[in-house]
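**Q** With chain A held as given, fit chains B, C, D, E, F, G and H onto it using these hints.
Number of protein chains: 8
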Amino acid sequence: MPKFKGKKMRSEAREILEAVKSGDMSVEAALLSLKKQPFEDIGFAKVDMHRGIRQGFPEVIYGAGKSSGQIGEIMDAMIRNGQKQILITRIDKEKADELGRIHDISYKPEARIVCYGKGSDPGGKGKIVVATGGTSDIPVAEEAAVTAEFFGNEVVRLYDVGVAGLHRLLSHLDDIMSAGVIIAVAGMEGALASVIGGMADCPVIAVPTSVGYGAAFEGVSALLSMLNSCASGVSVVNIDNGFGAGYQASMINRR
Amino acid sequence: MPKFKGKKMRSEAREILEAVKSGDMSVEAALLSLKKQPFEDIGFAKVDMHRGIRQGFPEVIYGAGKSSGQIGEIMDAMIRNGQKQILITRIDKEKADELGRIHDISYKPEARIVCYGKGSDPGGKGKIVVATGGTSDIPVAEEAAVTAEFFGNEVVRLYDVGVAGLHRLLSHLDDIMSAGVIIAVAGMEGALASVIGGMADCPVIAVPTSVGYGAAFEGVSALLSMLNSCASGVSVVNIDNGFGAGYQASMINRR
Amino acid sequence: MPKFKGKKMRSEAREILEAVKSGDMSVEAALLSLKKQPFEDIGFAKVDMHRGIRQGFPEVIYGAGKSSGQIGEIMDAMIRNGQKQILITRIDKEKADELGRIHDISYKPEARIVCYGKGSDPGGKGKIVVATGGTSDIPVAEEAAVTAEFFGNEVVRLYDVGVAGLHRLLSHLDDIMSAGVIIAVAGMEGALASVIGGMADCPVIAVPTSVGYGAAFEGVSALLSMLNSCASGVSVVNIDNGFGAGYQASMINRR
Amino acid sequence: MPKFKGKKMRSEAREILEAVKSGDMSVEAALLSLKKQPFEDIGFAKVDMHRGIRQGFPEVIYGAGKSSGQIGEIMDAMIRNGQKQILITRIDKEKADELGRIHDISYKPEARIVCYGKGSDPGGKGKIVVATGGTSDIPVAEEAAVTAEFFGNEVVRLYDVGVAGLHRLLSHLDDIMSAGVIIAVAGMEGALASVIGGMADCPVIAVPTSVGYGAAFEGVSALLSMLNSCASGVSVVNIDNGFGAGYQASMINRR
Amino acid sequence: MPKFKGKKMRSEAREILEAVKSGDMSVEAALLSLKKQPFEDIGFAKVDMHRGIRQGFPEVIYGAGKSSGQIGEIMDAMIRNGQKQILITRIDKEKADELGRIHDISYKPEARIVCYGKGSDPGGKGKIVVATGGTSDIPVAEEAAVTAEFFGNEVVRLYDVGVAGLHRLLSHLDDIMSAGVIIAVAGMEGALASVIGGMADCPVIAVPTSVGYGAAFEGVSALLSMLNSCASGVSVVNIDNGFGAGYQASMINRR
Amino acid sequence: MPKFKGKKMRSEAREILEAVKSGDMSVEAALLSLKKQPFEDIGFAKVDMHRGIRQGFPEVIYGAGKSSGQIGEIMDAMIRNGQKQILITRIDKEKADELGRIHDISYKPEARIVCYGKGSDPGGKGKIVVATGGTSDIPVAEEAAVTAEFFGNEVVRLYDVGVAGLHRLLSHLDDIMSAGVIIAVAGMEGALASVIGGMADCPVIAVPTSVGYGAAFEGVSALLSMLNSCASGVSVVNIDNGFGAGYQASMINRR
Amino acid sequence: MPKFKGKKMRSEAREILEAVKSGDMSVEAALLSLKKQPFEDIGFAKVDMHRGIRQGFPEVIYGAGKSSGQIGEIMDAMIRNGQKQILITRIDKEKADELGRIHDISYKPEARIVCYGKGSDPGGKGKIVVATGGTSDIPVAEEAAVTAEFFGNEVVRLYDVGVAGLHRLLSHLDDIMSAGVIIAVAGMEGALASVIGGMADCPVIAVPTSVGYGAAFEGVSALLSMLNSCASGVSVVNIDNGFGAGYQASMINRR
Amino acid sequence: MPKFKGKKMRSEAREILEAVKSGDMSVEAALLSLKKQPFEDIGFAKVDMHRGIRQGFPEVIYGAGKSSGQIGEIMDAMIRNGQKQILITRIDKEKADELGRIHDISYKPEARIVCYGKGSDPGGKGKIVVATGGTSDIPVAEEAAVTAEFFGNEVVRLYDVGVAGLHRLLSHLDDIMSAGVIIAVAGMEGALASVIGGMADCPVIAVPTSVGYGAAFEGVSALLSMLNSCASGVSVVNIDNGFGAGYQASMINRR
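Protein chains in written order, with the working numbering: chain A, 1 to 255; chain B, 1001 to 1255; chain C, 2001 to 2255; chain D, 3001 to 3255; chain E, 4001 to 4255; chain F, 5001 to 5255; chain G, 6001 to 6255; chain H, 7001 to 7255.
Be aware that one or more of the hints could be misleading.
What the hints assert, rightly or not - Distance condition first, Cα-Cα at most 25 Å in a straight line; then the derived DSS-like pairs of lysine-lysine:
no. : chain 1 : residue 1 : chain 2 : residue 2
1   : H       : Lys7127   : G       : Lys6127
2   : B       : Lys1127   : C       : Lys2127
3   : B       : Lys1036   : D       : Lys3127
4   : B       : Lys1118   : B       : Lys1066
5   : D       : Lys3084   : B       : Lys1066
6   : H       : Lys7036   : H       : Lys7066
7   : D       : Lys3127   : D       : Lys3093
8   : H       : Lys7127   : A       : Lys108
9   : F       : Lys5036   : G       : Lys6118
10  : G       : Lys6118   : G       : Lys6084
11  : A       : Lys93     : H       : Lys7066
12  : F       : Lys5036   : H       : Lys7125
13  : D       : Lys3084   : H       : Lys7036
14  : G       : Lys6084   : G       : Lys6125
15  : A       : Lys21     : B       : Lys1036
16  : H       : Lys7127   : G       : Lys6125
17  : A       : Lys127    : D       : Lys3127
18  : B       : Lys1066   : A       : Lys84
19  : C       : Lys2021   : E       : Lys4125
20  : E       : Lys4036   : B       : Lys1125
21  : F       : Lys5084   : F       : Lys5125
22  : C       : Lys2118   : C       : Lys2084
23  : D       : Lys3108   : A       : Lys125
24  : F       : Lys5127   : E       : Lys4125
25  : F       : Lys5084   : E       : Lys4127
26  : G       : Lys6127   : H       : Lys7021
27  : F       : Lys5066   : H       : Lys7127
28  : B       : Lys1127   : E       : Lys4036
29  : E       : Lys4036   : C       : Lys2021
Rather than coming from a laboratory, the hints here were simulated on the basis of the structure.
Chain A extracted, bound-state conformation (with noise of 0.2 Å):
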């Protein structure tokens, strides 16, 4: 099927339609390239199959709870079906050793992912950037760019641009107004997210983190400031929850 890969990641299951229309695949490959099942039951997980065609990006297994045996079997099951990239979060270091026996993966420490396969190609319109208040964010901030960067798009670093020291920021004017998407990362009282989207023009995914202490309440504080944002274009996801932000960043970027 690598051979139908075009640019565009999304186009997997349209392009095996268009290798159909002109003849270049026969429907019985096409079929059994298509996942047969919407989903298949693994006793204590009903791996979802259908995703690829509906949302035509690589496989994500949440790792947080699994057991490494858990995940090599949603893998496997992954894999039976066809899948060829997975991306696994929230998953250890020790853990990814235990798969790293049995599956040709890569880890990311400072992310906390495993990826599976390659990753797309870059089929993005734009950059997506990625900016931090502090050094802290910096593990929320990899999950997102290493997300973002596994499912095709290509990624700028703007790490450590808290507000407090506005220069740091200012100093990125050309990454932040040629963007075409811009995570926010940023805990404590996370002004970084309406800072940005007073000066971007283009969509802003504000990612409040946990880091703080007293009133930052675990990223409540955060997460209330960028709900607030004064600054439109803004819209957040869950604290500390990088990988959703560079899914839909993905989802925008390829667009």
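**A** Just chains B, C, D, E, F, G and H now, with coordinates in the frame of chain A:
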């Protein structure tokens, strides 16, 4: 998943592919069909058919935030479709009077409910006891009681039997111990649910009310109490949700 | 007494009375069989011996925060008073193993439940469906399922049918629509309860779980969702309270 | 300047530059057309004149808490600086009528929006679907829809498709699966965002509404649900912030 | 449990069984009797008898949410039963005037209390000091003071002695140090309770008030302060619950 | 303000002014003296003198967050000043053992209290009843009971008498109705305080405990219940604050 | 006394002492000028007469919840004691008009402040900058600004310089960098305080306002943001507490 | 805006347009330049230059979440840039020891601060008083005190002067009334700030601490108390933020 379903789906996919191959279907249309497949195949028809089965039951209109004109239109549509029994909740006297000029309804002012049609015949197997902690909880209790009666249940009202005067509750032991379902309605500290739950041997549905002041926080105190009830067999509905309790009690009682 | 045990578990006291009426049992023997005291005081705890008469169910010990020694003493007191079925919740494997050296028990590790005695005969009229949104909700679901089974019900498990992959749930419409009671177990946004509540025509007991992160706030997000369900017929128990749901479902199902 | 206005609204500044390049416009005329100052200070407010260049969108005035006189002054300053399209949100009929005596505006009562100018030409690449859980969510949805339309998008309205009656939503699978961006507007438990997010293959912007009572806590329940959505590709704006959703959806759709 | 109780209970069970055997009692009736036994035997009679013992005390009617007609009816019932002293709380002047047309009452506007009867004779052993932080706390303080006076206590009022002007409080050290019970009424940061608690050697009942704005959160700030008082001997009642404080202070003082 | 005070103060001000005039006092020193005047005149001496009066009572050391070395030093200072009775709360066995090597103490492991000295002679006029809802509340109850005993009171323990098995509580009506003060200790829904408050005619001090899970929120549910008790005569201390309850109960009982 | 009034307002007491020292004022006259009593009890309030000596500032009356009659009485007591400057906050126009019939006052409607007396002479060493995020924050800002001016400071107003249009703020860098104290007033996400705090090298007092909707939670979002500011040198006062900020800024500026 | 600024900006826009016209600049590059203009013109240079002016002050590194290696690298960069004084907060002994092997530092274990360099010369005009309510608040107080000392201030420590033993605080009236700035550090009910604020005539910075249990909610109780202080002149920093208080106090004191 039953075999038939899997087969059907796969054959549909083949048909789509054949149509694409033959040029009878565009790639766009095929892609949309593939995306919709697992939802349409399995779900929609059944869900819709199921609505038909349910028709023997009264319909319910949530009146809050709707004008009497809007409510009237919804009623008309229901009646046109053969509905003979309609319950309208959260409706004040003024709107009810306006409805009453057009439809043959009865209004229960304390419950703030309009009944259209005569209600279901008594079909429940046991009695539904509706108990309140204080007199201020009665409107919520009446919403539950009138709902349960309209849905064909015999209702016993035990009002103002709060735990601060335990003898009031204990003097109704017969009712409590022979009930089929009990709805415990209380504000403030909401202890009524636990005390009744400890005595009864039937399901207890607890309804926190917004009665109280200060740290009652508009019903939050009672809600938390009820969720944390040390008595088994107690479940909880939303604050002031008398209708929800009456509805579920009816479901339980007709079993 | 076992010979008097008929189909329905709750009828233990009733059967004694029937036997007395028919002359099959002497008043003396009946007196002995009936709990002689409403409770037994064993120092740190007052074991309730009257609940068997009131609620006709196996006895339950909440294991959290009790040593295996304390649990053993409570079990002894119950057995002394003629109890043949005991369920112990929230107990880890280590304590269960210690209990197992003295009593003939079985341990369900995923549900973290110890069962003493063989459980009630199936007496419920319908099936109890236990559904979960994700795989991480399974331990709470198992607590509900094992409880319901021990209390004499047939249980159908539908795990990992969360609303983000609706076709997984829709493929089980038959189970949902023929259920006697449904227990919907979900963390994160807890939408499962509303979706099931909208499809089913039986009572739905919703169990929020503490699964999730960030603004899931240890189950608060799911709890609020479930309390605000737009579907009628849904009531809610405490966060992670699988036992409470299984218990109330049993009460409803035996009606 | 209208003659330079092409298909895409964002390109106002770009088109001026193109016209300068091609010689169709003199540098002087271009300077005049471009905002001369980044903002104009009118005493109580600093009207931002540079946002047009930065974001290429119509200007927006947040009407809440401003008198019609103040709004009129801000409009005047904008018009003086060449703005031809102004959107005024959160404005009641009375103030709109007062504005209407001076300016040529249209008022959308359900959305509580005043539009000045004819709105951008359709420039978005896909359709924006605006869906609501219930009828009470419609005012917020209209704020989103009218905004998106004024910013040059084709909008499809799917109102009252809440998850408690899933067949209503499933009957619109075509719209959902072919959308460019979806705005999911819901109060109470806010499950709509997750269900739609699981089906669609485009970005979903979730708008919690303050619809509901009791433990809905003025929209907090829906907000938390949406932040915790188990579906990927969902981000969230502030409670009742229909404008914010419509604005960001426009940004995404014109990409 | 006293012997008599056990005996009585057991013999009653025997009598029930004998009656069932002889056919004098149906199985149903016997079952209900058995279920009620532990509650009836032990509790009901005593509780009821106890009400009689209490009759020497004024009765209290919580006036909020009751019409003057309803209050009048409750008063009539009390008076018919021989009650000579009745206190009605949370009642506005208008309702009090209506009551005054029928009954011989006095109204305390600041306390919003109606007194019927002359109040108890001074029976308390010490003085009850009622102190407030500011002038806005006086209505709550008066509710406490009037209650305590009506229940037969001498009351000393120390109003507007908040900790921001400590010398005002210190100038009343004599009153504080010779008090029998102190009621400390304060809103905002509620520090008064701690400062008085540190000086006094008698019980202090703290009453948080809803006085304040912003982060006072309608009394929550004062409530938390008082619960966390670093001074021993301080307990707390609900926000604005002047009556509760006056009532408990009376209980303590008459000891 | 008593006359003497005013006179004294005024004359002091005159003396200061005279000293400034004569050059005997600098302006700086005079300013400081004037600023301090109302605090010193009225407060300090009396407060200090009052400490002397209190000396007949046991001293209390809050052990949490202090090393055994620090506690030992504080004890030494107290003993040097003639203190014969010291109570140390929130101290674990290990630290107690270390203290035991130096001082002649006794340790109550369940209450986590160290007693130094033999405690006060029984001086209270009535019995203090300490009741708990469950067995997990016993440690907090013991903190209260041991404190009350050390302060010279007779204590009656009623443990595990939660409202879900009301007959257990009702079987102790005699103790409850003859108590001087009652301390009601409960977690989860905290209903015990209301039920006891409704039966007793003495002051009830409610202690919420952090026992429970999920929506118990570490004691918040019980705290709110108790603050909102529908029974008069109930006041509340901080979550798990057994000592505070025992201390205030002692204050009340010795009156 | 006016003749002794020098540059610095705080030195009223000091100047009297200097005059006594130099012989310009007799001890008798000085005694008369100094507050003779620490407070005056006028029944419902104890007016603090000593604060003038302690804090050297005009007297302040918090007008909220006081009738114009009560405010007038407090003013009278102050004036009787020699006060020449009084600031009354949170007072609406109607009450101000009533006061104006008796006293020679001026009313600032936007700040909702009444000034009695001409205010202190400028004594502050630097300028106090009062900045707001939006136009809706202006009333709170005016409360701060008018307070600071009445207490003798030069105030620079920078209104509507919110971070969503950063260039508006940046164009006032000169004011910000030369300020003595800055008061940053903002609602919604409250990011203004962090951005200003990062640029300025003087103390910043942040005032969250209740401006916003939805998850702004009446100022909580801004409050948390400001408490968590990543910029050093920022402290926070209560929501909408413009007076508190103006007061503390005056204290800082006169140092 | 000063004339020069406007002129400059306008002429730049002209130059861009001319360059586009002549083909020297692409439309894309021109668009980016126009977008950046208001930020660059006004802000960036000045902000950056301003960092240079600030260099006379110690730099601060927030140590939490950074490895000693990372801290060392940041220190190296600072030292390379000529910094002679560095303060590192929230650093434990182990990391400090590691740093000590490379740099010449001193470690304050109670404050958990590392000081590099000798600190500023005393430049503050007054004394900074740091007061705590209890002994458990001392670590936070030390963070404030060490910071203030390192920034060149004389610090007076008043520890364990909580309001429950008012004489302890009153015995330090001299220190409080002659202070330049006061930092009030307290957990639990946080009343210290109000009491000190009422006595002092200088700015008070309140620091809530997470000391306490139960309803102290990790510092929230103290935080709310302090925000609601009835004393004027009090502002608040984040829970446990001793550094922030010490830093702002230094700013105030050097004025």
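**Q** Decide, hint by hint, whether the structure agrees.
**A** Checked hints:
no. : hint                  : in the structure
1   : Lys7127/H x Lys6127/G : holds (24 Å)
2   : Lys1127/B x Lys2127/C : holds (24 Å)
3   : Lys1036/B x Lys3127/D : holds (18 Å)
4   : Lys1118/B x Lys1066/B : holds (24 Å)
5   : Lys3084/D x Lys1066/B : violated (37 Å)
6   : Lys7036/H x Lys7066/H : violated (34 Å)
7   : Lys3127/D x Lys3093/D : violated (29 Å)
8   : Lys7127/H x Lys108/A  : violated (52 Å)
9   : Lys5036/F x Lys6118/G : violated (29 Å)
10  : Lys6118/G x Lys6084/G : holds (8 Å)
11  : Lys93/A x Lys7066/H   : holds (20 Å)
12  : Lys5036/F x Lys7125/H : holds (22 Å)
13  : Lys3084/D x Lys7036/H : holds (23 Å)
14  : Lys6084/G x Lys6125/G : holds (23 Å)
15  : Lys21/A x Lys1036/B   : holds (20 Å)
16  : Lys7127/H x Lys6125/G : holds (19 Å)
17  : Lys127/A x Lys3127/D  : holds (24 Å)
18  : Lys1066/B x Lys84/A   : violated (52 Å)
19  : Lys2021/C x Lys4125/E : violated (63 Å)
20  : Lys4036/E x Lys1125/B : holds (22 Å)
21  : Lys5084/F x Lys5125/F : holds (23 Å)
22  : Lys2118/C x Lys2084/C : holds (8 Å)
23  : Lys3108/D x Lys125/A  : violated (36 Å)
24  : Lys5127/F x Lys4125/E : holds (19 Å)
25  : Lys5084/F x Lys4127/E : violated (31 Å)
26  : Lys6127/G x Lys7021/H : violated (47 Å)
27  : Lys5066/F x Lys7127/H : violated (30 Å)
28  : Lys1127/B x Lys4036/E : holds (18 Å)
29  : Lys4036/E x Lys2021/C : holds (20 Å)
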